[in-house]
Amino acid sequence: MKGWLDSPASETQITQAQRLWLYILSGLIMVFLVAPTLIVVPMSFSESQYLEFPPREWSTRWYEHYFGSPEWMAATGTSFKVAILTMLVATPIGVMAAYGLHVSKFAFARLIFVILLTPMMVPLILIAIGAFYVYVKLQILYTLASLVLAHTILALPLVVIVTGAALKSYDMNQERAARSLGASRWVAFLTVTLPQIRFAVITSALLSFLTSFDEVVVALFISGGDNATLTRNMFNALRDQIDPTIASISTLMIIVTSLLMVAAQLFGKSRG
Amino acid sequence: MSTGTTATSGPIGAAALGDNNAEGLKADARRERLRLAGLCSPAAILVLVLLVIPVGWLFYVSFIGADGQFSLENYERMIERKSYARIFQTTFEVSLLTTALCILIGYPLAYFMSQLPSRIANLCLITVLLPFWTSLLVRTYAWLVLLQKRGLVNTWAMDLGLWDEPIKIVHNMTGTLIDMVHIMLPFLILPVYGSMKAIDKDYLKAAANLGAGPTRAFWTVFFPLSAPGLFAGSLIVFVLCLGFFVTPAVLGGGKVIMVSMKIASNIELFVNWGAASALGVVLLLMTVAILWIAARFVRLDQLAGQGH
Chain G
1 MKGWLDSPAS ETQITQAQRL WLYILSGLIM VFLVAPTLIV VPMSFSESQY LEFPPREWST
61 RWYEHYFGSP EWMAATGTSF KVAILTMLVA TPIGVMAAYG LHVSKFAFAR LIFVILLTPM
121 MVPLILIAIG AFYVYVKLQI LYTLASLVLA HTILALPLVV IVTGAALKSY DMNQERAARS
181 LGASRWVAFL TVTLPQIRFA VITSALLSFL TSFDEVVVAL FISGGDNATL TRNMFNALRD
241 QIDPTIASIS TLMIIVTSLL MVAAQLFGKS RG
Chain L
273 MSTGTTATSG PIGAAALGDN NAEGLKADAR RERLRLAGLC SPAAILVLVL LVIPVGWLFY
333 VSFIGADGQF SLENYERMIE RKSYARIFQT TFEVSLLTTA LCILIGYPLA YFMSQLPSRI
393 ANLCLITVLL PFWTSLLVRT YAWLVLLQKR GLVNTWAMDL GLWDEPIKIV HNMTGTLIDM
453 VHIMLPFLIL PVYGSMKAID KDYLKAAANL GAGPTRAFWT VFFPLSAPGL FAGSLIVFVL
513 CLGFFVTPAV LGGGKVIMVS MKIASNIELF VNWGAASALG VVLLLMTVAI LWIAARFVRL
573 DQLAGQGH
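Protein chains in written order, with my numbering: chain G, 1 to 272; chain L, 273 to 580.
Next up, chain L with everything else stripped away, as it sits in the complex (with noise of 0.2 angstroms):
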């Protein structure tokens, strides 16, 4: 497959030339990779356009003090105000729980889905892609509904007698939890479950042989081998609740406030680039860094399709 360029001077180059001429071929075959290469400037050059020189140039901005000249003041106000501390505590508490109750809850269903024969397993699959593909914001708007003072959990837990008088379980961090787990489950999920099929299961066959029980059989061989992919998933899911803007705006009622949205209200309301730039600095740098050490465990192409 890699031997791509070998081919690229094809009959045309060599018939052009005419005679057996190695320096010809050789600038010929160095156009026509250029040529090849030229098929991505498209998407990169639009990618570097709306993308990286923005990003650059917010890195620029965060140094930029309110007086124009080079300062350290966006990140100062980050570390001495109150308000700001508060914020990257409510960012990484947010998603600390959510990581770690999409855990507690996608791993036995992974496990579960991985013991069962694979047309079977597809089927439950589909249970985790269909809200996978489904709007964020649609999701979001489902769960307003059926969390409200008036929705369905609260009128069955009642009828249920559960509690007695309607819960408040939205516009708090209740209700942001909850929607965010229910988003973040898939992307956990799905690299858990890979992670899990690819156990050979004679391993557990000689375990039980050489006289392990089904406990120490799962503990001992089968959770290592998944841990991989539990790892490479959980960071996924942290990394992704850090940029959260949608679910924590909407369920959380304002409690909730997270990174993305102070650098929204940075720029809708005080049109504050240089505080804004600045936080958008560090959630960069925090994911960047996480993305990093998950890459070293999985490929991050292959967790393609997500939308947050």
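Here chain G stands alone, though its shape is the one from the complex (with noise of 0.2 angstroms):
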């Protein structure tokens, strides 16, 4: 121990001990980063409607609550749909932007690609008043599909991100070749191109489900009556009282971010 803390630490010759402080507050601070998350998870057992930690009684109480509660069921429903529906409109259309704006460098190409980005760049809160008044010109306001299309919006940067980024690292001139070979452009993308980028293309899927799942401010504004979602939901119980049965959802909805990530961290790892 002492021959490590007189050891140097860095090209600086630096030394471990004077290093200390660093490694402590450095380890302060990931706690405080995880620490509060996590603690969500043992408290949606207590028993109490304080939610004590550590519990001093443990229930599934407020678990049984949401399961058994129908408009936290039919919230959660609604969520789910949006989600997958945001994933599977969002992805296709994503991908194919991101190919057309790789392959093709027509003129407008950078505007292109700028529109596709915008929003991500674009406050939340008028990305949803601006979709809540094209929906009440439209009168299609809190239906599913209205709801679906304003989360494409927000998916689409990530899934152009993210299939560009391994297009660019991916050697064109294979696809060439195929089409040289009598391979039309589309069955040279599927049988070719779209094999080597299906990570990144299973990774903007999960990441566009995501983004939907876990949307609040947007929900707020154009989702309601029987679609409302479960955010929307949580957000409203939040600003009244603390009421325990959030902590089931949000342990709930941890472990579904949790394996959508480890999920994309797999099919990241397998690429390399």
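Read the hints as simulated data drawn from the structure, not as lab findings.
Negatives, chain L to chain G, calculated, CB over 10 angstroms:
no., residue
1, 300
2, 336
3, 340
4, 352
5, 353
6, 360
7, 361
8, 391
9, 434
10, 438
11, 440
12, 445
13, 449
14, 497
15, 546
Result set (BS3-like, lysine-lysine): computed pairs, CA atoms no more than 25 angstroms apart in a straight line:
no., chain 1, residue 1, chain 2, residue 2
16, L, 527, L, 354
17, L, 298, G, 105
18, L, 440, L, 527
19, L, 527, L, 421
20, L, 440, L, 421
21, G, 168, L, 469
By construction, the Cβ of each residue, glycine as well, lies at the ideal position given by its N, Cα and C atoms.
Starting from the two chains in their separate frames, assemble the complex, guided by the hints.
See below:
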């Protein structure tokens, strides 16, 4: 231990002992980053209304309340439906756009790229009230399809960026070779290019799902009635009082997110 | 890679033409290019219809007065009314404080990770990415529970004797800031860590070799080299804070009113599109101006995956 403390820690010959404060501080910051989310998990099994930690008495009553409530179940159903549909719409049109931008250097490519990234830059509240206005005019507010379309534009920048990056590191000569051997562009894309960028496409799909599933602000304005999302109902419940049911929902959401991210990591890994 | 266009007149185009007609080939290439551009159209049209046109319409509405004529009254109100000035002041205050705290907390952690062997650094990186991907609402709820009167923070602090009775750390500025720093930290840490990893360690060896102590080597060599990442990360954090809605609405307890919340209440409660759109235009212009500055230092598409 003594030897380690006196050993140099970096190129500048600073010793590990002189660096100790940095190690302690960094440890605390990492706890700050991770702990709040993780602590919700045991708390959700608390018997008490006040969500003690550690719980004095364990129970699953908040889960029972959640699964027994028709409203929460309906909202959960909506959220999953919207997220899956968003994934199914955003991924193909996003991949198409990324491919189109990549292979054809037409004059307006740069402009279209910027347009496709705007949903990432414009403050969410403006997207929310803009979509709200359009949907009221078209009288399609509170429908499932209109919510899916709004979430699709939020997911598009991620799909275009992730797939675009994969296309950049892909050797287009392979597709050219396939076409010079007689394959049409479409067949060449499906059989040669797509299999090689599939991990990026799968990652894009998972990110699209998550974007929609976690989205709050836009859903607050344009989801409602029978098609209120889980996040919308959670937000409204949070404004009123601290409902312990939310702890159980949060735990389930953490599990869904973690599973998706692990899946994305696994797919990403198998690329190398 | 960019030679894609030269290959657009593939074997099919040539075969269809039969003879070697340069004009025909050119027209064929043009058609092919258009078809490929067409691939972008579903995505682009969707963004245009649902975002670009409505935002353009908000611009227009912001210049229409209550009587339906062109007027600047929506902007004048913003300048004249004290309540609006206070909202902008709060928005800037919250954004600046969050950014400053993120720098103070995030820079040391990024530095720590950049010094580790990459396998351990990747493990530490998970602690940054885990909150990054967790739902914002879940994290806001977690802080609400932790910081409430009978929450964990108050209980533990009193057990440790830090303070005697429960203090109010939520439904005010403090709670809002804690959650916002927690949410924004990854946006600062990731670009800073990226720029630190790119620093050639030989520069530091050279500095040590030439007689600089560790402190001096850090401030004169390492810090300036990491500055672009720090600057870009800070701007991104600041800009995202400007548009925050959920956190101040839930944890602010009505005391922290930011621009986004005012826009929402103008629509929801007062159905005042003029006032809401003028606020929106100002918010958008600030955002675009800052992003434009940031874009000169980093590529914005590399900061993908935000979820504010």
